[in-house]
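A.B. asks: Got two chains here, separate frames each, mind docking them using the hints?
The chain contents come next:
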Amino acid sequence: MLTLRRRSDTWLGVTLILSVTLHLAAFLFFIWLQQRTPDLGKVQTTYYVDVVNLPVASPQTGSPTPAPAAQRQELAAAPQTGPSAAPLPAAPAPAKIEKATPAPTGKAAPTAAKSFQERLAKLQGKADAEREAAALESLRRKVAGGRAGMPGARGSQAGSDYTAYLHSRLKDAFRETISYQTKAPYVLVRLTIDSNGRIIRILFDHSSGDKLFEKSVQRAILLAEQRIVPPPNHSTYEGAFVFKPQGVAQR
Amino acid sequence: MSRITALLLCLSMLCLLPGPAHSASYIEVTAPGNRQLKLAVVPAQPAAGAAAHPELANEMAETEAFDLNMSGLFAAERHDAAPLPQGLGLSVIDYVPWLSAGYDYVIRGEYALRSDGLTAEFRLFDVLGKKQLLVKRYIGQAKDLRYFAHAFCDEVLGTLTGEKGAFTSRLIYVSSQTGHKEIYIMDWDGHNTQQITRNRSITISPDISPDGREIIFTSYKRGNPDLYKRALSSTVDVPISTRRGLNITGAWSPDGTKIALALSKDGNTELYTINRDGSAPTRLTVSHSANVSPAWSPDGSKIAFVSDRMGRPQIFVMDANGGNVHRLTTNGGSNFNPAWSPKGDKIAYTHQSGSFQIYLMNADGSGNTQLTTVGRNERPRWSPDGRLLAFSSERSGSDSIYVMRLDGSGQTKVSHTTGQNIHPVWTPRR
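Residue numbers (my numbering), protein chains in the order written: chain A, 1444 to 1694; chain B, 20 to 449.
If we strip away everything but chain B, and leave its shape as in the complex, we get (with noise of 0.2 angstroms):
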């Protein structure tokens, strides 16, 4: 007891021993606003003996600017400059008339295109600080110099905020150019776009596997809504679901094993969870109502979908088993497309009052915000680190797609070809 008792008095002594140095008292530093990283996109320069493509140069100085635009952090603009003497590598960077311009990093680089393809290196400087933060050299063909440009702003956010950009994510999305809807993929600033399906049918809501080598996607080229796969690097499309009504909005379980997609096979439209393969369904959902339009939590322990079992469409969110199911949105009108943030945090989705608009709400269901406000906006789609939201936008005439900012800002047009251009997805990064 005694013992116990000395134990008890040495520990409240240890407590009443003053506190580790950091618990000193802090003096605040404040300053206004969030300010944009002023940057300078010089246009590479040839490598030594290599010949100069400006044309070149110009094309990735611009992908580069883009790109860091659009993350929000950057007012990044290209800026000529004298080349330097030495290349590359061996000069020594001026900052000071950086500095005195107010940038605050500077991106140069050289390239090389010889008969055996395009070679590539950027650097990134910090003008403050008067050092150089990164350096990366990519080798390929020439026809990968947007994609290098791409990969190089991935790294440069990588470095400064600690968290990859997604320049190298493409888009899918279902068009209408050929005057059937087909599936399409392009690079996420509407650049290099590829047709994927020839179904010469309607084939719509697209979803990508977590690793981006397969698609699922509905189509009627059978005369019944199924749900087909495909590898990105095939022609053929393999029948997962052609169960009996419909077999839509499939969407992949973030660990790629399961997929969840509406079935209307017993009547009304359920959801229904089914191996890759399209074995083992599981109904999750059972109400007298329509539920369609299932978006996994990025840890695969949730799922937001769409249900009118209250009247009109809202969205409810339910455990993967399809238990504990509570709605989510009561802001009135009409609510659907949910689509789950990379973090788990917020929920993107359309909100139908009068017009078609994307709203923000956190995964709670509290803090809803609007983002777009002009013509019918549908289907937000996010990028896979988190910054950008995809959708569909008729603003301009046509269907065509857009990109913007968690807040609503930077809202740009990525899709260029004709007809109809909706249900944009990211593909993971390359």
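Chain A on its own, in the form it takes in the complex (with noise of 0.2 angstroms):
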């Protein structure tokens, strides 16, 4: 015979309230931390700026080169244009902030509104015009007035296209010894030049047979290597070049 027998359990509302009580002194501990910590303010980003390279206007035209200070003071004067010697297109002009007018009532709106884009309109081509001739004046005057050649060279070298420069000289030579007794000649040569602008190697690759082609050819590396100055950047060159009259297919 099941027998129901009552439970009393006294030990629950004890539990109850300490956790209670536990719970309440916790927050209170979190407020009171709050108030003893300082207002930070607001969290600030970080922006890291690489001042090696720094971005430029338009980056297929190569990086700015300082400007000497007179040019630097023409600049100044000039009105803003970009760095490189190319026309940049022109940059649209700031819209001129205009007084808000109302809206125009009646049939006088649509005269007025076209009034409006016409003056616009033409103070932004005279704006543009300035400053395309701004930009060609001061580079006018940079090709005028300024040097020519790589930038940090002290004008004893050869530009950057030193094989064309060298090929200029050995021409002007070779115009001065050719002599050839073959109809069609030719002389195929490796030149090595030192830092000093010395030839210091001649090598004949090939030869059609020509000795005296052969010897006027040597003749004019000789005298080319009278007139040539050094590669730039004092390195060494290594050249191939083929000689042979003009006019005359190489079999």
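I should point out that these hints are in silico values taken from the structure, not numbers from a laboratory. Do not rely on the hints blindly, as some may be mistaken.
To be verified - No farther apart than 25 angstroms at their CA atoms in a straight line, the calculated lysine-lysine pairs in the DSS-like style are these:
#1 B:K162 - B:K183
#2 B:K149 - A:K1614
#3 B:K57 - A:K1654
#4 B:K150 - A:K1614
#5 B:K362 - B:K321
#6 B:K57 - B:K155
#7 B:K365 - A:K1654
#8 A:K1626 - A:K1614
#9 B:K284 - B:K240
#10 A:K1654 - B:K150
#11 B:K362 - A:K1654
#12 A:K1626 - B:K365
#13 B:K155 - A:K1654
#14 B:K362 - A:K1626
#15 A:K1626 - B:K183
As the list claims (entries may be wrong) - Far from chain A, by Cβ distances over 10 angstroms, these chain B residues were calculated:
#16 Q213
#17 N218
#18 K240
#19 I259
#20 P317
#21 P361
#22 G429
What the hints assert, rightly or not - So, partial list: chain A residues that the calculated Cβ filter (under 8 angstroms) puts toward chain B:
#23 T1606
#24 L1613
#25 K1654
#26 L1666
#27 F1686
#28 K1687
#29 P1688
All figures in this text were calculated on a predicted structure; none of them were measured in a lab. All residues carry an ideal CB built from backbone N, CA and C; glycine is no exception.
C.D. replies: Quick look at the structure:
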């Protein structure tokens, strides 16, 4: 026979009270702690700027080079233009902030809008023309008064296209020495030029066999050596050339 | 099978490897024209302790300048200069004045004429390279001074072009200055003329052996045009072909063992080869027309000749045994006197179409080029180096011997004897 036995639990109330008390104490502690901590304000985002590779206005035209003092003054005087020699496409002119005008009413409204657009276009065109003229004038001064050549060069070195320079000197010298006895002579030569501009090696790769022509090529190289300047950056240059009479096809 | 496949694979991999260094791109350096090298010939100075003979020095300098000018490669000129104080051997050449005067090369020399003979030394200097290129010393008699100059010019060409000149060659030719056609010999520039034959008859068509010691010629001294041989050191003519009829236009083979000539012993004039003593005639041509003037190719494998088998005289070529005959000249008119160049690439000949002119063509008959235009010009013959052609011309009245370059330039009369001077032939270099 099932008998229900009534049970009395007095500990539940004690536990509840204890829990509420502890939670309240913790809450109060956090509030107290919050009040003790100073206000740091908004957190700032940190940006890193690469001062070595500064961004340029138009990356395809290369990094801007420092201009001489006189040129800087000129540039400062001139209106702001792009750093490259080639004229940049004109940037859109900042639109003038006009006072807000009440919307026109009646028949006069379209005429006034059209007139406003025309005046705005004229102003933009004028600004563009002035900017272009200033840029051109700046470039003209730069070309007329500035120095051409490699940046930082001392004027005693050839430009970056040393092969073209050497070719020109060889051609001039060859004009003074050319002599041959066969129909279509040619000589393939490799030249090595040291950092002082001296030809330290002449290697004849191949020849059509005309000894007189070979000698004229040797003499041309000898003559050119007296007139050439050292390769750029004090480097050693090696180039390959084919010598032949003008208008004669190589077989 | 797998090994073969592996081998093929390796080979194909090798093919894919980059080429040698010289396959790199070459930058073209060109210049217009073909410049003549400017060369100064300074008259030689007397050697230390030797007497001065300016006439000798001048003659040597002018001989050198003439030779080098005729080569076509140089603009050579005699140029007086102060003698070197310490002689040629010890003095240092100052190149600057020569360089500023635009000269490429300078020839200087010194000589000593003593009782025992003439000694001459010549030197070639490269003005731009500031160096000495050539030194030669010659010892002989006073009469050899022109030979010394010619020999040095041969060496100059050898040094600068890789092929010696032929200025020590001489010219054999037929002259009628005594009233009879006799054979003479002279330096290539017309000096030192000597008479060889004294047959008091008609002597024509000389040719010289490859070693330069013997000549052959046709003479009518016994009535019939027979072929004779003579050593240049002898005065005796040796008959080598006295067959009935014509024994004409003899030509020595390049190896000197055979002689090609035209014989009419069987009626028609045909080409034969005989041994150098005249024995063993071998017939080369068979036709019903005249075949004359054989000219050996330098390698002895072919013979060019003249035949009128197609009407007018034309130049044909055949193998040395008579086979494989084909016609070379097709430019109309008559063509005769073929002469094969020493390199075998060209044939010079006489073309007659109204006037007689010297022409040049490739050995295959292509590329005809006219070289002469004035007067009647015949019988071209090549110098041993192939740079010059000698021929006879009557442009100045009577026939004379002339020399020109291969492009027809520099036509210069070199024979100075009277009468008719024809049939020039170059001797080998001395």
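A.B. asks: With reference to the structure, classify each hint as holding or not holding.
C.D. replies: Tested hints:
no., hint, result
1, B:K162 - B:K183, "holds, 23 angstroms"
2, B:K149 - A:K1614, "holds, 22 angstroms"
3, B:K57 - A:K1654, "holds, 17 angstroms"
4, B:K150 - A:K1614, "holds, 24 angstroms"
5, B:K362 - B:K321, "holds, 13 angstroms"
6, B:K57 - B:K155, "holds, 21 angstroms"
7, B:K365 - A:K1654, "holds, 21 angstroms"
8, A:K1626 - A:K1614, "holds, 20 angstroms"
9, B:K284 - B:K240, "holds, 19 angstroms"
10, A:K1654 - B:K150, "holds, 18 angstroms"
11, B:K362 - A:K1654, "holds, 17 angstroms"
12, A:K1626 - B:K365, "holds, 14 angstroms"
13, B:K155 - A:K1654, "holds, 21 angstroms"
14, B:K362 - A:K1626, "holds, 15 angstroms"
15, A:K1626 - B:K183, "holds, 19 angstroms"
16, Q213, "holds, 33 angstroms"
17, N218, "holds, 42 angstroms"
18, K240, "holds, 44 angstroms"
19, I259, "holds, 39 angstroms"
20, P317, "holds, 18 angstroms"
21, P361, "holds, 14 angstroms"
22, G429, "holds, 15 angstroms"
23, T1606, "holds, 7 angstroms"
24, L1613, "holds, 5 angstroms"
25, K1654, "holds, 3 angstroms"
26, L1666, "holds, 6 angstroms"
27, F1686, "holds, 5 angstroms"
28, K1687, "holds, 6 angstroms"
29, P1688, "holds, 7 angstroms"
Hint compliance for this structure: every hint is met.
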